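Please work from the sequences and hints to get the whole structure.
From first to last, the protein sequence lines are chains P and X. If you read the first sequence in this note's numbering, its first letter stands for residue 1, the second for the next number, and so on. If you read the second sequence in this note's numbering, its first letter stands for residue 1, the second for the next number, and so on.
For the record, the hints were derived by calculation from the structure and aren't laboratory data. The structure presented is a predicted model; accordingly, all values stated were derived computationally and were not measured. For every residue, glycine included, the Cβ atom is placed at its ideal position computed from N, Cα and C. The reader is advised that the hints may include incorrect statements.
Here are the simulated PhoX-like cross-link-like pairs (lysine-lysine), alpha carbons at most 25 Å apart as the crow flies [claimed, not checked]:
id, chain 1, residue 1, chain 2, residue 2
1, X, Lys69, X, Lys102
2, P, Lys78, P, Lys24
3, P, Lys68, X, Lys102
4, X, Lys69, X, Lys49
5, X, Lys102, X, Lys49
6, P, Lys68, P, Lys24
7, X, Lys102, P, Lys24
8, P, Lys68, P, Lys78
9, X, Lys49, P, Lys78
Okay, the calculated bits of chain P under chain X, using three or more residues with CB under 8 Å as the criterion [stated by the list, open to error]:
id, stretch
10, 43-49
11, 82-88
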Amino acid sequence: DAGVIQSPRHEVTEMGQEVTLRCKPISGHDYLFWYRQTMMRGLELLIYFNNNVPIDDSGMPEDRFSAKMPNASFSTLKIQPSEPRDSAVYFCASRDGPDNSPLHFGNGTRLTVT
Amino acid sequence: AQSVTQLDSQVPVFEEAPVELRCNYSSSVSVYLFWYVQYPNQGLQLLLKYLSGSTLVESINGFEAEFNKSQTSFHLRKPSVHISDTAEYFCAVSDAGGSSYKLIFGSGTRLLVRP
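This is the structure we're talking about:
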């Protein structure tokens, strides 16, 4: 079991550029979550999917953020255009089944927007 | 809506001393409670969880937490810490048996174990 795989580990980009973060969940997991972690706001849930369908995107901060899950083994989080305040660590996590199952987190993508 | 409060942002402690990391939650429904640990440059890992039954739950590395419904708390304790326990610890809550599958995290407590 390779765990949840995120890429890239680090991303540095200039303000205004498009950023795409990628996630491969654990095989067989039917829930996928995107979180953002900052010093000021801690861990925030951005969006989650069940069986590739977005269920709750109320945490997505603005229209500049979008997420997709075209199949069970891949998800993207896109920011367009990026801004310095988007700088954070973005985590993807997956889970098998109901809400008493543990979340399995990837190692995160550290995004720096200059 | 649920919320989690971790009042201590950082807890320094000497090696082999006991430690308690505090967690209080707010919810109008029954909850599941979790503690996750985050080591530097890594994602979060489940440490232990309370779903139902015994209010005292334990992890494999000596941590324990007790669910106290009357005080809406789920404090994490360890009788003797090691240097390797240095990490950030997150308390989290989710709606038990409901339709929401969100896991709401506290702001985290950084445990710093000194030799």
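Status of each hint after checking the structure:
1. X:Lys69 - X:Lys102: holds, 21 Å
2. P:Lys78 - P:Lys24: holds, 15 Å
3. P:Lys68 - X:Lys102: holds, 18 Å
4. X:Lys69 - X:Lys49: Given pair X:Lys69, X:Lys49 holds - Cα atoms ~15 Å apart, limit 25 Å.
5. X:Lys102 - X:Lys49: holds, 15 Å
6. P:Lys68 - P:Lys24: Answer holds: P:Lys68 to P:Lys24 is near 12 Å, not above 25 Å.
7. X:Lys102 - P:Lys24: Satisfied, since the Cα-Cα distance of roughly 20 Å is no more than 25 Å.
8. P:Lys68 - P:Lys78: Holds: P:Lys68 and P:Lys78 sit about 8 Å apart, inside 25 Å.
9. X:Lys49 - P:Lys78: violated, 32 Å
10. 43-49: holds (count 3)
11. 82-88: That given contact is violated, which follows from only 0 residues of the stretch 82-88 of chain P lying within Cβ reach (below 8 Å) of chain X.
In summary, the structure is inconsistent with hints 9, 11 from the numbered list given earlier, while agreeing with the others.
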